[in-house]
Amino acid sequence: MVIVRALADRDLPEAQRIIRLAFGTFLGAPDLERFWFPPYAYTRFGVEHIAAFAAEQDGELAGSNFATNWGSVGFFGPLSIHPALWDSGIGQRLAAAACETFEGWNTRHVGLFTFAQSAKHVGLYGKFGFHPRFLTTIMAAPAQPSGARPNWSRHSELPESQRAEAEAATRELTETLYDGLDLRSEIRAVFARGLGDTALLWDGDSRLAGFAICHWGEASEAGDDCCFVKFAAVRPGPGAEGLFSALLDACAALAGAAGMATMVAGVNLAREEAYRHLVGRGFRTQIQGVTMHRPNEPGYSRPGLFVLDDWR
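The sequence shown lines up with residues 53 to 364 when you count with this note's numbering.
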């Protein structure tokens, strides 16, 4: 018998092991015991904006899933099932649990990242009303600033009162990208858990022009020697590309300060100008997938927006 329940702290080691086995098996990793995969079970469990689900069969953990709340936008994953239990219907149960949670949150735009080449995955999520749209590439480049000196600061180094003001400013900025988009909880989680830091780019002394939420370190989702930009955005409009370049310089400086040699970031190819800018800066694709959206609308993945994100 299969039940879906809330993931518990006691489940985390086995949940992370299943995540690693599932993705390693699908990707054909030659040595599953040495295959590295981000510690999603640990980074996403117990934070204010993420709901975590466990599938249990006959008293044993069979898989897990995570639903993330970015205000009016949400996404789920990674959804993983132990390879011995693939094609047993457990994945549908975990996807349904996430979708019910989004309905309870009144999430307006829901998405996920999956394998573009897998008809099985695209078909499964299609049953829940998700539509495949544009490819999303996960890209990497050496963490080298362009030589400019952007006006930026670190969220972690601000006094507590100023951190709250900066978080509110990110909310005002993301409203210009998509009504209700809100990354404040993601910023707070990175700060509280020591997963990295958020770079804040300023236009003048007080107006926020952009921000980038970055991970690094063993406990984060970044990987060895990497600064992973989980989300970054600049204010849209005239001059946005220049601001985007300055924000990437700030990320590179942040990576350098943390001793990380490589920057990793995801970009949806619907944001064609942002993608071309990354390519011009030397970023190259490591992996690519497709984002699926419900409803079948672009959300904030559209031309003219300089946004980086990763819905894995």
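Derived by calculation from the structure, the hints in this document are not laboratory data.
As the structure is a computational prediction, the values presented were derived from the model and not from experiment.
Take the hints with a grain of salt, since some may be wrong.
Ranges between beta-carbon positions, derived for each pair [claimed, not checked]: (1) F87 / G356: 52 to 58 Å; (2) D257 / Q144: 49 to 55 Å; (3) G181 / E293: 46 to 52 Å; (4) A58 / D257: 40 to 46 Å; (5) A313 / D61: 31 to 37 Å; (6) R223 / Q196: 27 to 33 Å; (7) D276 / D61: 44 to 50 Å; (8) G141 / D231: 50 to 56 Å; (9) R223 / N203: 40 to 46 Å; (10) F180 / I339: 22 to 28 Å; (11) A216 / E66: 18 to 24 Å; (12) A58 / G141: 35 to 41 Å; (13) G175 / V54: 29 to 35 Å.
Virtual Cβ for every residue (Gly too), placed ideally from N, Cα, C.
Checked hints:
Against the hinted window of 52 to 58 Å, the Cβ-Cβ separation of F87 and G356 comes to about 38 Å, which falls outside the hint. Under the hint 49 to 55 Å, the C-beta atoms of D257 and Q144, about 52 Å apart, fit the expected range. At roughly 35 Å, the beta carbons of G181 and E293 sit outside the given window of 46 to 52 Å. Checked against the given bound of 40 to 46 Å, the beta carbons of A58 and D257, roughly 45 Å apart, stay inside it.
At about 34 Å, the beta-carbon gap between A313 and D61 stays in the expected band of 31 to 37 Å. Range check, R223 to Q196: Cβ separation about 31 Å, and the 27 to 33 Å hint holds. Roughly 26 Å separates the CB atoms of D276 and D61, a value that falls outside the hinted 44 to 50 Å. Distance hint check: the CB atoms of G141 and D231 are about 36 Å apart, inconsistent with the given range 50 to 56 Å.
Restraint check, R223 to N203: a C-beta distance of roughly 21 Å breaks the suggested window 40 to 46 Å. At about 24 Å, the CB distance of F180 to I339 agrees with the hint of 22 to 28 Å. At roughly 37 Å, the beta carbons of A216 and E66 sit outside the given window of 18 to 24 Å. With their beta carbons about 20 Å apart, A58 and G141 fall outside the hinted range of 35 to 41 Å.
Judged by the Cβ atoms, the range 29 to 35 Å given for G175 and V54 is violated: they are separated by roughly 21 Å.
Figure legend: structure checked against the earlier numbered hints; hints not met, in rising order: 1, 3, 7, 8, 9, 11, 12 and 13.
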